[in-house]
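A.B. asks: One-letter residues, chain by chain:
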Amino acid sequence: MEGRPLDEGELVARARRGDERAYEEIVVRYSDLAFRTAYLATGSAADAEEAALEGFVNAHRALDRFREGEPFRPWLLRIVGNEARNRRRAAGRRESLELKAARAGRAGDAAPSPEAAVLAAERRAELLSALERLEPDFRQVVACRYLLELDVAETAAALGIPEGTVKSRLSRALERLRQQMEAAVHG
Amino acid sequence: MAELSPLERELFALGPEIAWPPTPRFTPLRRRRSLVDRRLVIALLAAALAAALAAGAVAAGYLHVPGVNIQRSSRPLPAPTKNLPTTSLGERLDLGGSESSVAAAAADAGFGVRVPAGLGQPDQVFFKAAPVPVVTLVYAPRPDLPAGSDPDVGALFMEFRSADSTPFLGKLAGTGTRIEQVSVGGTQGVWLEGAPHEVFVEPSPSGNLAPDRVRLAGNTLLWYRDGVTYRLEANVTKERALEIAGTAR
Chain A
1 MEGRPLDEGE
11 LVARARRGDE
21 RAYEEIVVRY
31 SDLAFRTAYL
41 ATGSAADAEE
51 AALEGFVNAH
61 RALDRFREGE
71 PFRPWLLRIV
81 GNEARNRRRA
91 AGRRESLELK
101 AARAGRAGDA
111 APSPEAAVLA
121 AERRAELLSA
131 LERLEPDFRQ
141 VVACRYLLEL
151 DVAETAAALG
161 IPEGTVKSRL
171 SRALERLRQQ
181 MEAAVHG
Chain B
1 MAELSPLERE
11 LFALGPEIAW
21 PPTPRFTPLR
31 RRRSLVDRRL
41 VIALLAAALA
51 AALAAGAVAA
61 GYLHVPGVNI
71 QRSSRPLPAP
81 TKNLPTTSLG
91 ERLDLGGSES
101 SVAAAAADAG
111 FGVRVPAGLG
121 QPDQVFFKAA
131 PVPVVTLVYA
141 PRPDLPAGSD
151 PDVGALFMEF
161 RSADSTPFLG
171 KLAGTGTRIE
181 QVSVGGTQGV
191 WLEGAPHEVF
201 VEPSPSGNLA
211 PDRVRLAGNT
221 LLWYRDGVTY
231 RLEANVTKER
241 ALEIAGTAR
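Quick note, the sequences are listed as chains A and B, same order.
For the first sequence, the working numbering assigns the number 1 to the initial residue and increments by one for each residue that follows.
For the second sequence, the working numbering assigns the number 1 to the initial residue and increments by one for each residue that follows.
This is chain A alone, in the form it adopts within the complex (with noise of 0.2 Å):
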């Protein structure tokens, strides 16, 4: 890309009519959005690998189906997260997933005491613990949600379920995490 940045409908426009650099860039801007996504269906590195770069192969293919104006994360992460739940079933996995906590703190944040570090690292492990605890449907949900920072719409894109369901399932879902770790702040 030559000059300033694209931003995002400007990149489709141009992927839509052969540019095929307009779509290269689109496939590094989303890499990590779709292979974290399909990590939390399938739950295997190599399987979301698989499956992201199958969904990127595919959303080029309907590029012409795709109606300008409309917003490209929520249709990108459909496909991707069609591929991923299609390659799930088909290794016949249940859905699992773990998550781990990598660094201590985020750059930028202030160095925190060492009690208060401990502490954190903690309160961190409590939630992850309690996360996966939840149903894999609730889990999906939070996660996308939350850890990816998905909206509504994108969530339920996603996972290939109507909005309504994702809200209903992340407050049922926020209700029971509240319990665990409150459970496991006073057990």
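Simulated from the structure, these hints should not be mistaken for laboratory data.
Hints are not guaranteed to be accurate.
Said to hold, decoys possible - Some residues of chain A that are not near chain B, with every Cβ distance over 12 Å (derived):
| # | residue |
| --- | --- |
| 1 | Leu6 |
| 2 | Glu20 |
| 3 | Glu50 |
| 4 | Phe72 |
| 5 | Arg123 |
| 6 | Ile161 |
| 7 | Ala173 |
To be verified - Lysine to aspartate or glutamate pairs mimicking EDC-like chemistry, simulated, CA-CA at most 20 Å apart:
| # | chain 1 | residue 1 | chain 2 | residue 2 |
| --- | --- | --- | --- | --- |
| 8 | A | Lys167 | B | Glu8 |
| 9 | A | Lys167 | B | Glu3 |
| 10 | A | Lys167 | B | Glu10 |
| 11 | A | Lys100 | A | Glu68 |
| 12 | A | Lys100 | A | Glu122 |
| 13 | A | Lys100 | B | Glu239 |
| 14 | B | Lys238 | B | Glu193 |
| 15 | B | Lys238 | B | Glu180 |
| 16 | A | Lys167 | A | Glu149 |
| 17 | B | Lys238 | B | Asp144 |
| 18 | A | Lys167 | A | Glu135 |
| 19 | A | Lys100 | A | Glu149 |
| 20 | A | Lys100 | A | Glu8 |
| 21 | A | Lys167 | A | Asp151 |
| 22 | A | Lys100 | A | Glu132 |
| 23 | A | Lys100 | B | Glu17 |
| 24 | A | Lys100 | B | Glu243 |
| 25 | A | Lys167 | A | Glu122 |
All C-beta atoms, glycine included, are put in the ideal place defined by N, C-alpha and C.
The hints should help you fit chain B onto chain A, whose structure is shown.
C.D. replies: Relative to chain A, chain B alone:
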């Protein structure tokens, strides 16, 4: 927007802390272009497969020939993707450019193109120059040639000059696919029937072996004659396929 609860704030804060597996580098457009190469490899493998079958290698479930590793999958393979006819047939099946006639394709390919009389004159002819010249005859669906995974295709008849080996890795058949050695007019051939097959593996960007699939996976007859490999794919019985193959002169 409703105010976030403390738990929601914690969950949002957790996102950047997650140790996600490293995101691979994706090159989907290169992958699309390479589909035709793998389509050719399928047929290139056929000649090697036929030889290996003769040596009894398939009994062990593995076929090993220079540059090629063919293996039976331990589980059923995913069904082929349904092709929606939004692009031209040549493009979505990676068959190359459309040709005016069999004669024109033969002139481009540099070998005599056979037309199976049992199928009649093709509805479309395609020619692809690289990596080896390949001619594909396409027959539209009709009562004796029902459509497979592509609604516009009743049968595909591909022919091309064969190479001795190819640096691809190939996984040939899932658990539900029958592989049978057959004789096609006195030359050796292979019949594949049943569940989706011809799923190939290739090194993925991360170096792992990753599955890929061709988009048509109907019953397939492969055979080799005089330096040319032939591949007939159609939803017909083995007997009918052999009959059609026998008319390719």
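A.B. asks: If a hint holds in the structure, say so; if it doesn't, say that too.
C.D. replies: Outcome of the hint check:
no.: 1; hint: Leu6; in the structure: holds (18 Å)
no.: 2; hint: Glu20; in the structure: violated (6 Å)
no.: 3; hint: Glu50; in the structure: violated (5 Å)
no.: 4; hint: Phe72; in the structure: holds (15 Å)
no.: 5; hint: Arg123; in the structure: violated (7 Å)
no.: 6; hint: Ile161; in the structure: holds (19 Å)
no.: 7; hint: Ala173; in the structure: violated (10 Å)
no.: 8; hint: Lys167(A) / Glu8(B); in the structure: holds (14 Å)
no.: 9; hint: Lys167(A) / Glu3(B); in the structure: holds (15 Å)
no.: 10; hint: Lys167(A) / Glu10(B); in the structure: holds (18 Å)
no.: 11; hint: Lys100(A) / Glu68(A); in the structure: violated (38 Å)
no.: 12; hint: Lys100(A) / Glu122(A); in the structure: holds (12 Å)
no.: 13; hint: Lys100(A) / Glu239(B); in the structure: violated (56 Å)
no.: 14; hint: Lys238(B) / Glu193(B); in the structure: holds (8 Å)
no.: 15; hint: Lys238(B) / Glu180(B); in the structure: holds (10 Å)
no.: 16; hint: Lys167(A) / Glu149(A); in the structure: holds (14 Å)
no.: 17; hint: Lys238(B) / Asp144(B); in the structure: holds (14 Å)
no.: 18; hint: Lys167(A) / Glu135(A); in the structure: holds (16 Å)
no.: 19; hint: Lys100(A) / Glu149(A); in the structure: holds (17 Å)
no.: 20; hint: Lys100(A) / Glu8(A); in the structure: violated (31 Å)
no.: 21; hint: Lys167(A) / Asp151(A); in the structure: holds (11 Å)
no.: 22; hint: Lys100(A) / Glu132(A); in the structure: holds (10 Å)
no.: 23; hint: Lys100(A) / Glu17(B); in the structure: holds (8 Å)
no.: 24; hint: Lys100(A) / Glu243(B); in the structure: violated (59 Å)
no.: 25; hint: Lys167(A) / Glu122(A); in the structure: violated (29 Å)
Violation of the numbered hints given earlier is confined to hints 2, 3, 5, 7, 11, 13, 20, 24 and 25; the remaining hints are satisfied by the structure.
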